[in-house]
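*Asks:* So you can see what is in the structure, the chains are spelled out below.
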Amino acid sequence: MTSVLYDAPGPKARARHLVFGAVSTIVILAIIGFVIWRFAETGQFTAAKWQIFSFPRVQQTLIQAAGATLSAFGVAAAGSLVLGLVLAVGRLSDRPWVSRPFHWFTELFRAIPVLILMMMLYYGLPPALGVRWPPYTAVVVALILYNGSVLAEVFRAGIESLPKGQREAGLAIGLRKSQVMASILLPQAVRAMLPVIISQLVVTLKDTALGFIVTYNEILFQAKFFGSQVQYGTPIVPSAIVAGVLYVGMCLILSGLAKLAERQLRRSQKVSDFRAGRGLVRP
Amino acid sequence: MNTLLDNLDVFTTGFRTTIILFLVSGLFALLLGTVVGAMRVSPIPALRAFGTLYVNVVRNTPLTLVLFFFAFGYPKLGLPEIDFTVSAIVGLSLYTASYVAEVLRSGINTVPVGQAEAARAIGLPFVQTLTLVVLPQAFRSVLPPLFSVLIALLKNTTVAAGFSVYEAGAIRAYLAERGEPALTVLLWVALFFVILVLILAQLQRYFEKKWKVAR
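Going line by line, the protein sequences match chains U and F.
Residue numbers for the first sequence follow the working numbering, beginning at 1 and rising by one.
Residue numbers for the second sequence follow the working numbering, beginning at 284 and rising by one.
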């Protein structure tokens, strides 16, 4: 697709590209090398700084932290899918007094930063209501409200991208509006939007890291804790690397699923179908 | 209302920093994102590979982790010291650039093939094909997703509050010391964010109308 941007390179162009390629490789490797050199120079790779991660207790805690991240993600993902469906269906209602409130709700929660939502749920609401709940609740509920609203827009775009005849045919054979939605429109919309939906779930997984700021005991929170242990030489850079590997690994698996879904879709449908979802993912 | 009026100083300082973070990181993210997006469609395989690597790694890293590294890891590396605001700008720009690059790349694909073919037919090399013919059109067609990314950047600036930057996300912590109820403070902060997002959406509508592609 993109190859239309330039001619097939001839011998001269190939030689030039080789030179450009080599130069840019050297420059980029030099930047990466400089960072690694700084790491080594300041002793980030010494055994003393990594020693803390060799203790079974520390490894167990990290695995538990990863479990905490995944459990927050799992509940938030399921919850936001359900909320997204409800909001999308509500917003597509034919009755303005139903669709308007759903529209406002979606727009409102798409505009408020997740972190502010988390703070509201953790620092704001409990004292106002006179109750207490763990940071886990705040993290999960905030993620559901935000990602549910974003996913609602994704579902809606998916439903609206379907040909009009689908709905009309459903109504013509005597199905009710709710039946048309549940058995004709939604299955197709979800299928068309699957890559976008999974990409938004990657965002959800990444946003669990915000729990760090409202003291939820997840990977980054533990990394900060281990990283500030003075008797092990405050290994904050090694901790950041460990946390990074865990997060990037988990997200890459999920992103891989999104790519797979996209490829499957491209093979079985017209490409234009999932274009409707372009730009709907909100990082 | 009193919570807002009594502490107007904290609110204005906080939101001023937020807007500065947004404007500066937005500018750098657009520039870097355009470069990375161009790398991803360039004829040089090495550049394509680095562009893809960058986008794939950064898009799968939580912003909190990026800022964590720049706030806590960077000072340990013995490099010139930078303050927390600058490190937040660097982190936000690097993170947002990967999204800008992806949006632009998908926009480049929507420009009709004939445009690039015509550019090549009159003898333009890759850089000119891209900068004179394809990118100006791609920018217009990706305006809505691009604004989505910018709105997300505006909201993401709050994450910097977790890393010692005095911006809108940190207002709650400052006012907790003055004994203000957290919920009221946060509702005001949320309201201002809704207003800022509405302004950006309005701006998007204006640009869309102004740069409507006539085909």
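Just so you know, these hints were derived from the structure itself, not from any lab.
These figures come from a predicted structure and were not determined experimentally.
C-beta: ideal position from N, C-alpha, C; glycine also.
Errors might be hidden in some of the hints.
Unchecked claim - Distance windows between CB atoms, simulated:
1. F/Leu481 x U/Phe55: 49 to 59 Å
2. U/Ala182 x F/Thr296: 31 to 41 Å
3. F/Leu360 x U/Ser71: 31 to 41 Å
4. U/Lys224 x F/Leu291: 26 to 36 Å
5. U/Leu29 x F/Thr296: 23 to 33 Å
6. U/Lys224 x F/Leu481: 32 to 42 Å
7. F/Leu291 x U/Thr46: 27 to 37 Å
*Asks:* State the violated hints by number, sorted upward, taking the hints as numbered earlier in the document.
*Replies:* 2, 5 and 7
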